[in-house]
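Participant: Chains A and B, in that order, are what the protein sequence lines are. Here the first sequence stands for residues 1 to 703, numbered as in the UniProt record's numbering. Here the second sequence stands for residues 1 to 703, numbered as in the UniProt record's numbering.
By construction, these hints were calculated from the structure, which means they are not laboratory data. Please note that the accuracy of each hint is not assured.
One copy or any two copies: either way a pair holds, since identical chains are not told apart in the list.
Stated by the list, open to error - Pairs of lysine-lysine residues, derived as BS3-like cross-links and limited to a Cα-Cα distance of at most 27 angstroms, are as follows:
{"id": "1", "residue 1": "592", "residue 2": "682"}
{"id": "2", "residue 1": "377", "residue 2": "469"}
{"id": "3", "residue 1": "325", "residue 2": "290"}
{"id": "4", "residue 1": "686", "residue 2": "272"}
{"id": "5", "residue 1": "112", "residue 2": "325"}
{"id": "6", "residue 1": "148", "residue 2": "112"}
Protein chains: 2
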Amino acid sequence: MKKLLSAFFVLAAVVLHAQQITSPDKNLVLTFGLSAKGEPTYALTYKNKPVIKTSKLGIDLKEGADMLEGFTVDKTAQSSFDETWSPVWGEEKTICNHYNELLVTLSQKAEKGRYINVRFKLFNDGLGFRYEFPEQKELTYFVIKEEKTQFAMAGDHKAFWLPGDYDTQEYSTVTSKLSEVRAKMKDAVTPNASQQTFSPTGLQTPLMLKSDNGLYINIHEAALIDYSCMSLNLDDKNMVLESWLTPDAIGDKGYMQAPTQSPWRTIVVSDKAPDILQSRMILNLNEPTKYKDVSWIKPIKYVGVWWEMITGKSSWAYNDLTSVKLGETDYSKTKPNGKHAANTAHVKEYIDFAAKHGFDAVLVEGWNEGWEDWFGKSKEFVFDFVTPYPDFDVKELHRYAASKGVKMMMHHETSGAAANYERHMDKAYQFMVDNGYNSVKSGYVGDIIPRGEFHYSQSMINHYLYAIKKAAEYKIMVNAHEAVRPTGLSRTYPNLIGNEAARGTEYEAFGGNNADHTTILPFTRLMGGPMDYTPGIFETKVSVYNPDNNSFVHTTLVKQLALYVTMYSPLQMAADLPETYNKHLDAFQFIKDVAVDWDDTYVLEAEPGDYITIARKAKGKNEWFVGAITDENARTAKITFEYLPKGKTYLATVYADGKDADYVKNPKSYAIKTIKVNSKTKLDQKLATGGGAAISIKEEVKK
Amino acid sequence: MKKLLSAFFVLAAVVLHAQQITSPDKNLVLTFGLSAKGEPTYALTYKNKPVIKTSKLGIDLKEGADMLEGFTVDKTAQSSFDETWSPVWGEEKTICNHYNELLVTLSQKAEKGRYINVRFKLFNDGLGFRYEFPEQKELTYFVIKEEKTQFAMAGDHKAFWLPGDYDTQEYSTVTSKLSEVRAKMKDAVTPNASQQTFSPTGLQTPLMLKSDNGLYINIHEAALIDYSCMSLNLDDKNMVLESWLTPDAIGDKGYMQAPTQSPWRTIVVSDKAPDILQSRMILNLNEPTKYKDVSWIKPIKYVGVWWEMITGKSSWAYNDLTSVKLGETDYSKTKPNGKHAANTAHVKEYIDFAAKHGFDAVLVEGWNEGWEDWFGKSKEFVFDFVTPYPDFDVKELHRYAASKGVKMMMHHETSGAAANYERHMDKAYQFMVDNGYNSVKSGYVGDIIPRGEFHYSQSMINHYLYAIKKAAEYKIMVNAHEAVRPTGLSRTYPNLIGNEAARGTEYEAFGGNNADHTTILPFTRLMGGPMDYTPGIFETKVSVYNPDNNSFVHTTLVKQLALYVTMYSPLQMAADLPETYNKHLDAFQFIKDVAVDWDDTYVLEAEPGDYITIARKAKGKNEWFVGAITDENARTAKITFEYLPKGKTYLATVYADGKDADYVKNPKSYAIKTIKVNSKTKLDQKLATGGGAAISIKEEVKK
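Please build the complete structure, drawing on both the sequences and the hints.
Facilitator: Have a look at this one:
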């Protein structure tokens, strides 16, 4: 307590009008204040250790006086909130939303008393705060030049970072100290179909940090609605991160109309890494859903005509023309290239496979006219989303799939031509409804049209939400790839069941992902929402499918199984080809069994960049699943079972790396065994280099 | 002939591979050639006088080698074409399309034989030519950096010009020599809601010119489709005009996919001014319509709730809030401002007036939520096009109007937020169909959203056509204000029945139009298509409606009548208020009688900037109408009647300026008399300063 008081007085000495709140468990302390110049500031400590040193808040406007200084505090209000709510789908059946709130109203005398609010919500797992702009005479329309929210770091933390970019999130994570970002940036910016860095020390969020004194700190945003997506720019002299918004085509960073607000800036904190993964703060900061009927929203396990094109074995395109014009090119008169995977007979094979193994849906990419010249041409009328190739029989495949209890999953690649997508969207969604599709994977590969806008500009943030809301009118679930990384919007819009928005499994076929890639992603990308990571690759050598492609998946086969547990998603793909699964049906059984919706989640052990071990209970069933993964270092996972009801015995089928497994040299070596476990069992499970372990647990049925 | 041959040899000496064609009547001679550097050139003479001196052609590309030089002629082809066709509506029942054509195929050896076509069509009234980009291995996708089409003038011509601008066409025409453009530009660029000049000698098209040796020359474009709108930049040292396209948000000037083509660049020529107005070349250069059913497309005479807001007497807005949010602001709970003209009772008065006097439709602006803050805020979700104000009963007004045989005319002000309009367009058009509307006036007041695009960028050209084509699906006619000036597209899309795209009658209430304004517009703005000029203002002193507005209409009352004949449009508004018309029903009779669709048109006399006298025969009726207008100079119009069938007598009702009429001091002085005329009659009709005369002619019915 003494320490707390002295810390308070120290802070109070340098800031005026200091206000303070604590988290419900009192571990976190937020201090708000004003500098001598009237600049709003905040600071955050966790168990008396600094998380955020005194940092400035404010907004720089395009015209007129800024919202940066000259503030006085008009009033403050403190309150508390405590509820439990149930998501439509998620890692838990119920989520606890408990915080203490501080609402500060600030005004600028020099601006005729123009006032704003800053609202702080302090949870046990972290802090969320946002700016609010109430409607008033002195404030209706304003244009943001830059947001100036600082996050002053208490040290040269270890960081798991991606280069800040207006157009792509698909870089490999770099692990380094903050002071090394500048030197490592050049190599980190690998080529992408659409990219735009902005600073030699620019970083994306979610940003994961670890301090020397053992604090895990994650910085991101929640409820990104009608605002520009935030990146961070690092002042690597002072170790201060500052918000850096995405501009529009003319360089402005936000068109605002009061009353309105910024998204929540989120800082998740703990001294235990698993707490970061168990934080639901970002969801809690989003609004509850207003959807009345959510019965049409269901998690999906699917297969798809996709990996065979990603590897280069097949093609999306129907023929080899270099240029087509939709509505003018008569495809029936062109010569098929013989490699088009999305043909009726071949898709039926996938449907048969899905039906046989209990999958919900089959995704088909390359089903529609336009793939011959879709990429890299800034072509506007690139797809119409409703015209199939001559060899893809929409109605027959709908009938066939339905007869087998399988859904077809639609694919809407937009090629970044968002305006074109909007022109066709109603027809495209109606086409889906008319032909039995209830879910769509959308994509935004390539530079955005309207030209000059970026993937994370305010206009595109609005576009993505427009697509989700309109989809809900048609009872369609959306899985948006290359869209902005999620910020918990699925609470409000639960038909947003997935995003890619990071470097996914496809990159294993484009040179490979780092061995530690998926030990980082839950600490970064997944903080804002689930990822359609599309794991399940059993044939890790891509050259088996395409002799010209020497990429390989940087995991063992078993680690691919574990990913179904460690990479939470309500949308899970078994991404490999049926012919490969048929060779390993014993291992494939785990993918068939694993749930995609959960009653509860237990992060048993985790360290970003090194390992993760998670157990989950399937929703509404007495089944549990455990996934353990490691990076390039072999290790022994410490798997415990305290979450199993006491006094019962369970059968655990353990899918393990073989003794000689090695993600480079011997990835497909695995062993499956069944053991009995109960709540007291402790299992030391060896994981190979780049390996993992997967366990499915069910009650022992006594005869 | 000798002169022609020597001219040819002179040209041939300086250009290689000279090709020549003549117009059917041989007055115009086009010469195509290549410079020593392989730059394509063309030149045009009329009756041996130079119209266009040898001028370069070509396209500058963003990437790779340009299409400017290094060409050789692969082949040429000459042909002729002669047809008569009937427009759905127009100044004539039939139009003659007769030209000689030269098609030149040029290739660049250095670019692996990449080839383009230049196609010249030479009519009796002028030259049209365009670039064509056939699909080939060396040319599919390309981005235009600038088109480099020159129009080398043979002298320092008199020009009737507007400042070149990417966003507005609403400047007052400046009449000066080309050499004076630079000095006069600053004063010419008057303020506008959205504007962007690009050069101190930039000019818009249509551009009207008159040479010292009596040639009338008009430069414009035809069939502007999927291309950037062309302005001209004047090199005022050499008197060379060069094409200057409108950029997009990132500075590019055209995203192209072969096979494709540029619009036609048009040069209308004559030594008689009336021939310029009688030219139908721009329509002839457009494609015939593919619409199968055009029965729903009909010319419209209308009144509207509009001028009372333009003058400031009433408001578009329902209340006086400074900021509203559609779907959130509950209008029924706000305090009406008491000046909202678009209310049910008041609109019924207009409907009554329309029904009583035989008008087809009533336009209502300000009927829908959003007018409180629609302007100047770059607000994106500014209108939804379907939600009426609380005092505007859509269904009741539909019923009432229908019961009286009157149509309601819809208004879609977009505020330049084109992307927002597209999001709502299907719903908006369906709402029209559901509520009995078959025509819409659309508007684009303010800067464009997507931000950074301009009103005349390629993306907006595509948007305007998208709106027209989609309207046709709903059998809706479109009258687009602030959209790009027309280029004859109405031939292909006859539901485009109007544009504003110039300084219209509304500016009479914003300070006034020049007294010669409408003696110029037919030679400039109207060359590409009709204008919804909305004349018919009888109360020329705006202060009568709004004491705070001292603007006055710069014409006499009778000149307003004449405009219904001299300003061709299939869409004609009687723009003043019913209460004013009721005071002058005798003069109003002309507006009631005047046709809006024509069998034939006769330009009796005309001089750009000075006077126009036109006679027209109503479509399918034995009625003729004459309009004569002058500028600030009083004059005597020489009105003849040779177009009347011989041997019959006709009754001509002559609406004339009073003896003491004066557009400033005594605008409302007029006299109406009926006289008998026949085909031999010659009428010297006095026009006051800023005045006119209007005549309606019908057969004498003998008892």
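Participant: Run every hint past the structure and note whether it holds.
Facilitator: Consistency of the hints with the structure:
1. Taking CA atoms no more than 27 angstroms apart as the test, residue 592 paired with residue 682 passes inside one copy only; the shortest distance there is 26 angstroms, against 96 angstroms between copies.
2. In the homo-oligomer, the alpha carbons of residue 377 and residue 469 lie at most 27 angstroms apart only across protomers (25 angstroms), although the nearest pairing inside one protomer, at 29 angstroms, exceeds that limit.
3. Only between protomers do residue 325 and residue 290 lie at most 27 angstroms apart by alpha-carbon distance; the minimum there is 19 angstroms, versus 41 angstroms within a single protomer.
4. Taking the closest pair of Cα atoms, residue 686 and residue 272 come within 27 angstroms of each other only inside a single copy of the chain (23 angstroms); across copies the shortest separation is 96 angstroms, beyond that limit.
5. With identical chains, the CA atoms of residue 112 and residue 325 are at most 27 angstroms apart between copies only, with a shortest distance of 24 angstroms across copies and 58 angstroms within one.
6. Only within a single protomer do residue 148 and residue 112 lie at most 27 angstroms apart by alpha-carbon distance; the minimum there is 22 angstroms, versus 53 angstroms between protomers.
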